[in-house]
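Q: Let the hints inform the model, and build the full structure from the sequences given.
Residue numbers (the working numbering): 14 to 484.
Derived by calculation from the structure, the hints in this document are not laboratory data.
Remember, it's a predicted structure, so these values are computed and weren't measured experimentally.
Think of the CB as a built atom: it goes at the ideal place given N, C-alpha and C, for glycine as much as any other residue.
Take every hint as true, because none was put in to throw you off.
Label-pair restraints from in silico Cβ distances: (1) T336 / K184: 21 to 29 Å; (2) R258 / L337: 21 to 29 Å; (3) V260 / H416: 44 to 52 Å.
Straight-line alpha carbon distances no greater than 27 Å define the calculated DSSO-like cross-link-like pairs of lysine-lysine that follow: (4) K342 / K323; (5) K323 / K460; (6) K14 / K64; (7) K213 / K464; (8) K124 / K246; (9) K72 / K47; (10) K124 / K83; (11) K323 / K313; (12) K213 / K64; (13) K98 / K83; (14) K184 / K130; (15) K72 / K16.
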Amino acid sequence: KVKSYKEIPGPGWKGNLSYFGKNGIEHMHLRQQKWRQNHGPIYREQFGPYKTAFVADPKLVREVFQNEGKYPQREPQIELWMDYKEKRKQAHGVFSLNGEEWLKARSVLNKKMLKPKVVHGYAPELSNVVDDFIGRVNELRSTTSDKTVPNLQNVLFKWSMESIGTVLYEKQFGAFSKSGSEESQSIITAIQNLFSVFIKMVFMPVWVTKFYETKAVKMFYQSMDTLYDFTDKCVEEKLKEINERNVDADENSEAEFLTFLVASKSLSLSEITSNLVEILMAAVDTTSNTSLWACYCLAKNPEVQEKLHKEVTSVLEPGEVATLATLNKMRYLRSVIKETLRLYPAAPENARFMQKDTEIGGYLIPQGTMVRIPLYVMGRDPEIFDDPLTFSPERWMRGDDTHPDYHAYAMLPFGHGTRMCLGRRVAELEMQLLLSRVSQLYLLESKNDVKSIVRGLLSPDRDVILAFNDT
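A: See below:
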């Protein structure tokens, strides 16, 4: 007999209240672990106005994605973000759309974000940004006696921002430039400010702003205005350039993301602007955070770091920069990134709204229920992964017999299906280029211990202090 939604076990009203207590948001992933242990692989809570079911078993996760429908709907939108778009009469981008409009935008963007051949065309420019990152690291470590890099998280943030900028806008913002323009600095500041107030925006009801406009709200609106104004200008400049050069839209050509969007006329100029801004906001912190965790994991696991160094140096000559051909030979590098995402997924959970009444795990999940997939919890579950707290990239190496085969839905840090992460292939390429160079040049040494907290993304609870010693 199929059980009702109300029969799903869970923490009850205490679970809802826990978000408002001490470390309510920051430790939500740890509470989810406890709830999984107490209630099993499927449990429920009331998350604000939403009925919520947590699904923490690969077989059940597969059922969720198999029933997500033609137009998958993700977690609820940030109210203040939607309010901003309405007040400024801005178009919606792929991250704030659902239904047919979402599919239309996504189908256009996929052509330049998910086709391997096209994404490979971004490699030379992305590699140039890695050069700038290495230059900045060398400058900073020369200022300390132990070769640590002060505020490493910020340096990686700038690297990630410049990387996605070269893809989306076909130019860098100038974050590593000592003579950057006033405009480029305003863009950098706007992006950093947006991320600094992000978590406040997630839980800020719009009605609050009608009575009291906080400093964070003002910063949010000002920063969004800066990004939209800059992006509008870039789109208009690209349109002028295309008209002068009489450029054709070729979806299969390498690189030139913005050129394709404008020339193809598949989206309006305002839709292009909104998509650029939304992808930029989604891409920067996720990639920089994962790269920071990867460096931390390598520093904490010297044997893994040594194995990666041997692989990279066996493929690359001293001073040689990785290319697509050489990256394809670095299997262990890809496994290091995958293992990092198992233990430290960029977002601690994924979510889908059920489009119809659906039976999952013997329970009837009503239409409109938000099903949350706790990635952090699943990645550390001993019922899913053997020796789950050990950082072991070998578990992802084909032919390795020290680990069992894992369920295909055991680990989905980029999501799954038609609404999987749009920037997955670009992010993976960015991290491969960065980490191969870091492993080639440096021996990372950890100077402190950190724990994970939720600040929108899964982040370190303090600065990660690493020494970048010469190999």
